[in-house]
Amino acid sequence: MDLSLHVLTANDLEMVRKWRNSPEVSKYMYTDNTISAAQQIAWFERIRKDSSKKYWLIRYGERPIGLVNIAHIDTLNLSCN
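One point on numbering: in the numbering used here, the residue at position 50 of the sequence shown is 50, and numbering is uninterrupted.
Hints may be right or wrong, so weigh each one.
Under the rule of at most 27 Å between Cα atoms (straight-line distance), these lysine-lysine pairs were calculated in the BS3-like manner [claimed, not checked]:
no. : residue 1 : residue 2
1   : LYS18     : LYS53
2   : LYS18     : LYS54
3   : LYS18     : LYS49
4   : LYS53     : LYS27
5   : LYS27     : LYS54
It should be emphasised that the hints constitute simulated quantities derived from the structure, not laboratory data.
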């Protein structure tokens, strides 16, 4: 299996927004409201500035298949969620 992680970039945002807005994904999210392009960009700007969170795009070969993150990064205690 050829899985890899790639740091989420601005170029990935529209694809991730489409995933997030799809009924198959949104039903598992905290909220199921439709995300606009402007909201997606604002979210990305917030997470880029937040050192307690990191996001990666998951690829199977060259095909993007998902998104993963870690949160509550604590560099002092070397922990995260």
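If you draw a straight line from the CA of LYS27 to the CA of LYS54, is it 27 Å or shorter? Holds, at about 23 Å.
Holds or violated: LYS53 with LYS27, Cα cutoff 27 Å? Given that 27 Å is the threshold and the Cα spacing comes to 23 Å, the pair holds.
Decide if the proposed pair is consistent with the structure: LYS18 and LYS49, CA atoms, cutoff 27 Å inclusive. holds, 23 Å
Given the hint that LYS18 pairs with LYS53, test it: the Cα-Cα distance must not exceed 27 Å. holds, 22 Å
Given hint LYS54 paired with LYS18 - CA-CA distance at most 27 Å: holds, 20 Å
Every hint, counting from the list given before, is met by this structure.
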